[in-house]
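Engineer: Each chain, written out:
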Amino acid sequence: MTFFRSHILVSIDPECQAKGAYQIIDALNDELVAQGLIGEVQVLETSRIGDPAAYGPDIMVYPEGVHYVKLTKDDIHNLVKEHFLKGRAVEKFLVEQAAKSDDELGPPKPKEVRVVLRNCGVIDPCNIEDYIAVDGYMALAKSISELTPEEVIDTVLKSGLRGRGGAGFPTGRKWQFASGSKGSPKYIICNADEGDPGAFMNRRVLESDPHAVIEGMAIAAYAIGSSQGYIYCRAEYPEAVRTLRIAIKQAREFGLLGSNILGSDFSFDLEVRMGAGAFVCGEETALMASIEGKRGEPRTRPPFPAVKGLWNQPTNINNVETYATVPQVILKGAEWFASMGTEHSKGTKTFALAGDVNNTGLIEVPMGITLREIIFEVGGGIKNGKNFKAIQTGGPMGGCLPASDLDLPVDYESLSQAGSMMGSGGMIVMDEETCMVDIARFFMEFTQEESCGKCVPCRVGTRRLLEILTDICDGKGKAGDIETLEMLCKQIKQDSLCGLGQGAPNPVESTLKHFRDEYEAHIFEKRCPAKVCRAMIRYEILEDACTGCTVCARNCPVDAITGERRQTHTIDPDMCVRCGICLQVCNFNAVTIN
Amino acid sequence: MVNITIDEKKVQVPEGTTVLRAAEQAEIHIPTLCDHPALTPFGGCRLCLVEVQGARTLQTSCTLPVTENMVVTTDNDRIREARKFVLTLLFSERNHFCPYCQVSGGDCELQNAAYEQDMTHWPLQPNWKTFDVDASHEYFILEQSRCILCRRCVRACGELVGNFTLGVEERGADSSIVADLGTPLGESSCISCGVCVQVCPTGALIDRRSAYLGHDVELDKTETICVGCSVGCGIEVYSRDNHLVRIEGNWDATVNRGVLCKTGRYLPLDAENQDRVYTPMVRKDGKLKAATWNDAIKTIADQFKKSPKSAAMVPTRLPAESLHLFKQLFKDQLQAATVTSIEEGLNTKLPTQLAAELGSPFEGALEEIEKSDCVLVLGADLAKDHEVVGFFIKRILPLGMELIWAGSDNNAFEQQAHQVLKPKAESYADLLQALNAALVDKPCAEFAKNAGVEESAVKKAAQMLSKANFPAIVYGEDLLKNASMNTLKALVELGHLSGTIGEQRNALVSVKGKANSMAAAQYGLDQPFNISDEQAVFIALGDDCPSQKLIKRLEKAPFLVVQASYSSQLTAQADVVLPVENWAEQDGSYLNLEGQLQNAVKSMPAPEGVLSNAAVFEKLAAALGYKLDSTGWKDNLLKQIPVSAILD
Ligand SMILES: Cc1cc2nc3c(=O)[nH]c(=O)nc-3n(C[C@H](O)[C@H](O)[C@H](O)COP(=O)(O)O)c2cc1C
Ligand code: SF4
Ligand code: SF4
Ligand code: SF4
Ligand code: FES
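Just so you know, the protein sequences line up as chains Y and U, in that order. Here my numbering is used: position 68 in the first sequence is 68, and no number is missing along the way. Heads up, my numbering is the position in the second sequence plus 594, with the first residue counted as 1.
By construction, these hints were calculated from the structure, which means they are not laboratory data. A portion of the hints provided could be inaccurate.
As the list claims (entries may be wrong) - Simulated restraints, written as ranges between beta carbons of each label pair:
no., chain 1, residue 1, chain 2, residue 2, range
1, Y, D26, U, L775, 55 to 63 Å
2, U, L775, Y, T470, 30 to 38 Å
3, U, H1012, Y, M274, 25 to 33 Å
4, Y, L157, U, Q647, 24 to 32 Å
5, U, T634, Y, S184, 20 to 28 Å
6, Y, N358, U, T634, 37 to 45 Å
7, Y, S184, U, D601, 49 to 57 Å
8, U, Q647, Y, N384, 48 to 56 Å
As the list claims (entries may be wrong) - DSS-like mimics (lysine-lysine), calculated; alpha carbons at most 27 Å apart, straight line:
no., chain 1, residue 1, chain 2, residue 2
9, U, K965, Y, K294
10, U, K965, Y, K478
11, Y, K513, U, K678
Each residue gets a CB set at the ideal place from its N, CA and C atoms; glycine is no exception.
So here's chain U without its partners, still in its complex pose (with noise of 0.2 Å):
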């Protein structure tokens, strides 16, 4: 621990905290602009200037590092002077004449840094140069007008995303924000993650959608999680009357510190766009027409009750206690012939099945991840799907991570893999069993001709994870999509081989589908969809959308009730349509891919008339007669999980 004095208080910090931070921990302000807790000092802005005693010169408290008796002023006629002066210039360089926030104090901190400096004009003549408006993006805006050139965005995009697609061009006054050396955004490398819009201090990087839509302080605010996917997102959703206006990522969340990808930040906002269902519907005389609930619910009652056989199907993306529901439903209560998710077990059947066999978890955290210094991923497309845990992946390259990149179809990862192995469809047993032996010294040749791989290949890949200290590896859907158990094995059997799973630590990590995957295949809603003769057929639906496999199999069914927020091509195939909240009207809980048992938080109401899943399943079950337990869904939901359960 370092002692020093900030302001004539004394603080202790761990030593190579800076002096911005150690203000922090006294409560003492400083006004910043370039820096970013997320991000590393810059110390290009010089907003944060302080003195130091000894020193002769004034110094950026964001970049340095305490000593051991430092004594530290933060605010004296000097320091004011500089702050006032950096402002100055900036509001001198480009045109920061934004009604929008300068008149208000909004949320942009170059105004807010001035207002607290008491500044009331631009003491310096300003002499703005026009610029070019990018606006080739479809989420968002780059307004070079705005720009102080404090590359929080360039840093985020680069030691955040592993990205780097945003830079500078250019050297001096000349300086500016490009993307891939001068590619409009739209058509650059971006990939619509928004971490660069949200760590913009100014309007440089402005939202197209909630840009103008109101501060900070005229919207509501929710600290919840993105259901897009298994990660399970920290998010914070910011709402206006009741309308979704912007999601971004919460700092403070343990998954993801901050970062989203396009799936959490933007296609939600997309989402808004569809037709919200506000009423039940039944189908009467070939149409659909609107309903009262207990008609809509009798009509399902009395079809589910003299069909001799029936399926049920639900998404991933609904809470634990809802599926809990559902599961008791249809397969404890109705006994229907096919229960199961949309996923159908895919990507959790077989590691379940394994744990009970094993008898304990055999998969480990998603921080180990960032911890490596050699990534094998196997057969999960991380540009595509659970981007963030690419985004671990790909911010750590540049610092010497190795990356072995295993799959069978083209992925923004393979070009920058160091090592890629391509095996044939369905041929990863004998892609991972060529490893094993290569990382035994036993011939591969065999097992690597077997799966269509270079021998060499193999063995340099076995190399590089036999040479790691800390190898990890990522594994997903296209591995598990034709596996047997023994493939999964193998893989455990890598694990051990390579170091991935020791003693200390235990780096295999499985990606898993949608937010509630592994729930789902807790509560065994894990088989495969094979409708033939049955005649009712259930779709909770929820807000997700239909994949057109789902629509062309459910065409000839003879009674289709779909559960839905909103319509789409099955709802219009549907003989009993009925609405449902969508993520962000729900409580619930979701078991994320790493085993976090966390908290979706409501975060708007619903349209009047519109019930949530599992109040629906309820009245349903009371309907046909059944009690459902609302309680148990707990207890059953860690049993056997492939992962150690976090609870909180």
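Isolated chain Y, as found in the complex (with noise of 0.2 Å):
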């Protein structure tokens, strides 16, 4: 057998082939002959190494795992000559560094713990190779051969390892339960609807490391005996569809999804469903309403999926960041998982971390962080100096939580004690400029048009709402409202079917709860404390700083501002819209607003 000491990965994924994937392998082969190296480095082909829009046609040598991309046949000689007989690596077919700049999830900041997040941006999500390479499908491996499907699932049980769709659901509890449900076949989903405004958790572990998904649904269905899954994917993701897909290929043709895997009599095979694009149909039930096509409406429960769930088979169903998690816990054992986080949150979490903070983008901590650890030392604090004021959690159903709450631990328990939750991971930050009434107001906007209008109390319930918080911001409000809004908070939250409707009357609950002061500003003051509710605001100059330069007159689309040439200039507050264009323009600072 022929030992060589290098290797050279040519993608040959259709479209490489189009911009020359085979004169590139011809040209290297023929360099290699004239470079009397062929004895001792192969070429080989593989399906597609990195972005071949970007890069392609591209190469990898291995053992240095060097990526070479965007070659011509014309590149081939300096390149053999520079990189196999000189031995330097050719910095100008390099992957250019600002193409691995990434505004998602930079390198790890104080306080971060990447255990979900270890491979993303670090292997190649379409190359299996590279996923094996960093212990890959090893936890399945370990599962099949090694475990029986009860110690699989005692495993997991131990780690702690709760849902991080939302719900906390202890996972091992779930499959237990599962396992444990009479019924053929059964299923396994995972849920990647993702559908909370500004998260991306579960899109980046798609798009970054698929196998990790893969493998979890695999380890799951092997520990509750099924042997078909379904990935139930957001519409608004192509891209993660697509790498899903390619990953499920790649995984087939290594024999780790299909019939026997690894040669055991464990089979198991996996299809890529396309989201409604409803938000609810991420509620686990209207989602297996809709994978059978029907209207992505939630049912009540019980009974429960582990029962009856698609086409009244039992099926288990977990979200993309627990499936992720999973072949970390089987391979490094309970133990460390539970080393890290609080006593009854385990592991860590990923944050899609928004507002007003300095760094904005994707976090992993370990459970237990404060809010404040996050805010100020993963995200390096409120932008442009201001003061922090509230921090919104857990989604459009999580709630507002004050200043005085920043030392709470972000925990399942803590944070649903303080009137918020963990949801499947938003965070946004508000800074003293925010006012709590309008934000509110934005998530009822939200709940309320994601309603499916299936049960009374949300359907109708959250529309009473928004009507009552619109006419509050617009100083519409009238006395009663607050309790109005206690009332029907109350009620949707007890009354609804399902988590949508639980859920929604949480932020106003929160903002009711810290901020009552500003809704009474708002109704008896008709004052917005923080200056943002139109209806209430007025837009005045400053007769000190006004230099009577008239740029604002001139800006204004009313024509609402009058004022001869270095004179001080007036706002006609009755013709004034409040659109804010004179104070973006005004040099001097002297337009503020009351």
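Each chain sits in its own coordinate frame; assemble them with the hints.
Structural biologist: This is the structure in structure tokens:
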């Protein structure tokens, strides 16, 4: 057997082929012969390395793992000479640094621990070998060959892993139910609907480390005795769907999906289903109805999916992040995972940090970290040196927590006790210039728009809530509104069918609790303390600061500003439409809001 | 069995029962809106919320299955507050300011629920939007303002009728009920069965005819059966001051379990628009003139006595008792040359003969259809007649039932069929032989060719039948039209080969004809009606509509008697017209297509001077000097029917 010191993998993705991949292969072989390296270096074909549109045709050189991109056959002579004879990488063809910069996910920040995100941006998601090189599919192999399904479930139970999709149900317990449920076939579903506005944790994992999700699903399938799985992916995530399809294909080719996986009698295969585009389709029973081709609406539970799920068969449904965590739990052990986090919330959690914070983007932190640490250490503090006002966690059904809650540990129980929730991991930081009534109205606008309409409390109740909040923001609030809001919140939470209705009042309830004075100011003084609600603000020009430059008057779209050149200008409040253009254009900070 | 406690009462119910049904069993009332016993639980309105010990939130009793030792509370402050809240929201959603039920507590379940919760006003300011009223349908109106989106109509249309016309458009607060993704009802795929109207709890779907003609408490209600066809669906007739107001399906009737078709629900109301015949009439000097019963009967008796050759015909819509009298009068006593029914035995003669030959019934019960996983429809237009049988098939299609449709006409079922077989006219026998050959893996190409059907289609159909665990066959008029005994025998063979007829079950069903189609055949009223030189003809039309063909055939009859409820072209042609009761005014027995002997109950009195069909036959017999036996009808009825009779 010949021993090669190096292998060159050439991507023969159709697009690379069109760009001359085979000419590259021929040129490589010719050059290796010409330079006497043919016995030492082997040229191989591979399905795909990087994004062929950006990089094709590209090659990967092992064992160095050097990725050369955008090659033409004329480059090969030099490349072979430099890399293999002289032993130096050719800078010119390396992936440019710029393309690697990532505004979603930067290098780990202080206090971050990357478990779920460990491979993101590190391995090539379209190359299963990359995943295998970092112990990928070892956990599946270990499960199948060394562990009984009960032992797998036991490990997950002991690790304390809880669902990352929202409710935080212990994953091991869920698997136990599905495993103990009678009926065949059983199904495995991965919830990749990620409908929370601004959230992209799941998308990032699917795009960057799809095999971790596939491996987690396969392990779950082995544990509960299923042989068919579905990944229900949000339709707005074409890149994730594409990556997943490639990954599934590769896993099948490697015998890691399909019949008799790794030579065992365990078989499991996967299909990607595209979401129906509604937020509520992320709710598990609505999701299953949607896969079945019905209107995506939740139904009452019990029966739970573990007993009667997809097509009335026992089904286990977990979130992307939950599955992506599983392989490492199996591989590194329950104790390792349980060593991170708090008593009841173990491991790490990803969040999409957004809003008025310096470092926005994807983060992964150990459970139990405080909100303060997330905002001021991981997030680098509030933008523009302003003051912190509130943080909204848990997506559109989460609550807003004030500064007094900043030292709250981030775990399932603490967050829900404080009137918010873990949710799937949205985190919006708000500075002092935010109007909390307006924020409540904003979230209510979203949830009432996304209510499926099946049950009365959510369908009608959220609409009534929104109407009252809109009135308050429009300066039409009246005495009694706060009490009506409270009554509506309480009943909608208690009487609604699914989590959407049960959670929809949270932003209102929490802002009423922590920022009641703002509501009162709006209603009784017709004043928006944060100066956000248009109906209640006035633009005025400060006499001392105004130089009479006329720029504001010239830019006002409704000609509400009058004044002679070099004289103080004035704004007619009846004509002003509160567009704020004058404030933006004034160079002397003479325009203020009152 | 599962033991649970509801409001401190101990109840034992079968596993899978919902808390709501368990409470009903314990005679504990829980208010509901979106629930309907005939539909799958929905859990949308949230009115039925109850408290379950150990559960954090309130639970909807209509969806919650009982579990052992469950402890349920159905009434306390928390529950009442929630129920009031739900109603408050509903009243704030659309315009329920409806004077008709609001002030009186009428038939609207929403208003009634509010009264029950002691609501005196609307705590939330209503914020009504305006909606279009869809008044495009012939029989009913969709008034969106009154809709509470309970989706009973949507579920009924899909689950009970299998029509899937109604659905929901948009989501959340913008949801609304639409037909065919937004088509006006009148132009939609709606088949006017009216089941949606029957289940609607409010006035959102209202009957054009009966709306505002009285609350249920002001109406008289009679439980009887539909005589629209041989299915014999259970109905409830609502009337007021002896006027027909509305017909509803009887949820407790075993045959149809609540559903009705257009023929059963709406056509009898349309029939009311015809001119009634109130008095006997005799033709004098070329004109029909009012006469006394005695004069009219005497005129008829005289004519029939002196006519050497006469004929008599009766519709298969009359009760068995009347048919039996008719048969005695004209066949046994008068010995008229032709005595038959309007169906002329088309749907029943051959099957009856075959049953006699076999010495036993060979057809099965209707309920087998719904337990089937593959149904072959052979020459029966279930979109036109016997529609409820069609509903039974359509509604299990989504559960994975496979449909094979064989017929020579175009038919609404064709589009839904998994396999279509279109034999040439008069070639059902070949088609059946082809199927039988294919089922035993013998060559079938020749037969298929004769039938004008692709061999591959026959093979596919045979495969579907043999793969099925519970196949069923429904056959009808188009097959029997030109059939011979051999055709029918081939059909029975198909039944055996496919497993449709077996030891445990028999799922071969013939839809037959009108309500008493089978009874008429038992009395031998099944000959062809060929009149040539008959001098006197008696047509006991009853409340039937004469066909153009019949009118044409009788044009030349020298002496024509028409016994009818309504004036028609035929009565205009007659020499004597006798007024008789219509379906709603008479009692009597009907033998339905699966052999159930059912009772039609009089729901309204006949107008004065109008006699029953039976009374007219008796009167005429007396005038002719005959004596009729009014008791033996049952013995003669059940001798040789093709199905096993079900009597109760
Ligand atoms: C309105 C609504 C939307 C939801 N959307 C999602 C979602 O996008 N992704 C998700 O994983 N779970 C979502 N969930 C939670 C799921 O119902 C379910 O609890 C979850 O998929 C279970 O997975 P886990 O146990 O791994 O968390 C949603 C729930 C509700 C009520
Ligand atoms: S709570 Fe809202 S989203 Fe959930 S079922 Fe009810 S209406 Fe639909
Ligand atoms: S039309 Fe009637 S049955 Fe249909 S959803 Fe509206 S209220 Fe319910
Ligand atoms: S199927 Fe026949 S019996 Fe039933 S409602 Fe229709 S016409 Fe009447
Ligand atoms: S009756 Fe139970 S939710 Fe409507």
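Engineer: Now tell me if each hint is right for this structure.
Structural biologist: Against the structure, the hints:
1. Y/D26 / U/L775: 55 to 63 Å: holds, 57 Å
2. U/L775 / Y/T470: 30 to 38 Å: holds, 31 Å
3. U/H1012 / Y/M274: 25 to 33 Å: The hinted range 25 to 33 Å holds for U/H1012 and Y/M274, with Cβ atoms some 27 Å apart.
4. Y/L157 / U/Q647: 24 to 32 Å: Roughly 27 Å apart at Cβ, these two residues keep to the hinted range, so it holds.
5. U/T634 / Y/S184: 20 to 28 Å: The hinted range 20 to 28 Å holds for U/T634 and Y/S184, with Cβ atoms some 24 Å apart.
6. Y/N358 / U/T634: 37 to 45 Å: For U/T634 against Y/N358, whose Cβ atoms are near 53 Å apart, the range 37 to 45 Å is violated.
7. Y/S184 / U/D601: 49 to 57 Å: violated, 40 Å
8. U/Q647 / Y/N384: 48 to 56 Å: holds, 54 Å
9. U/K965 / Y/K294: Roughly 24 Å separates the two Cα atoms, so the pair holds.
10. U/K965 / Y/K478: violated, 61 Å
11. Y/K513 / U/K678: holds, 25 Å
Hint check: violations occur at hints 6, 7 and 10; the rest are consistent with the structure.
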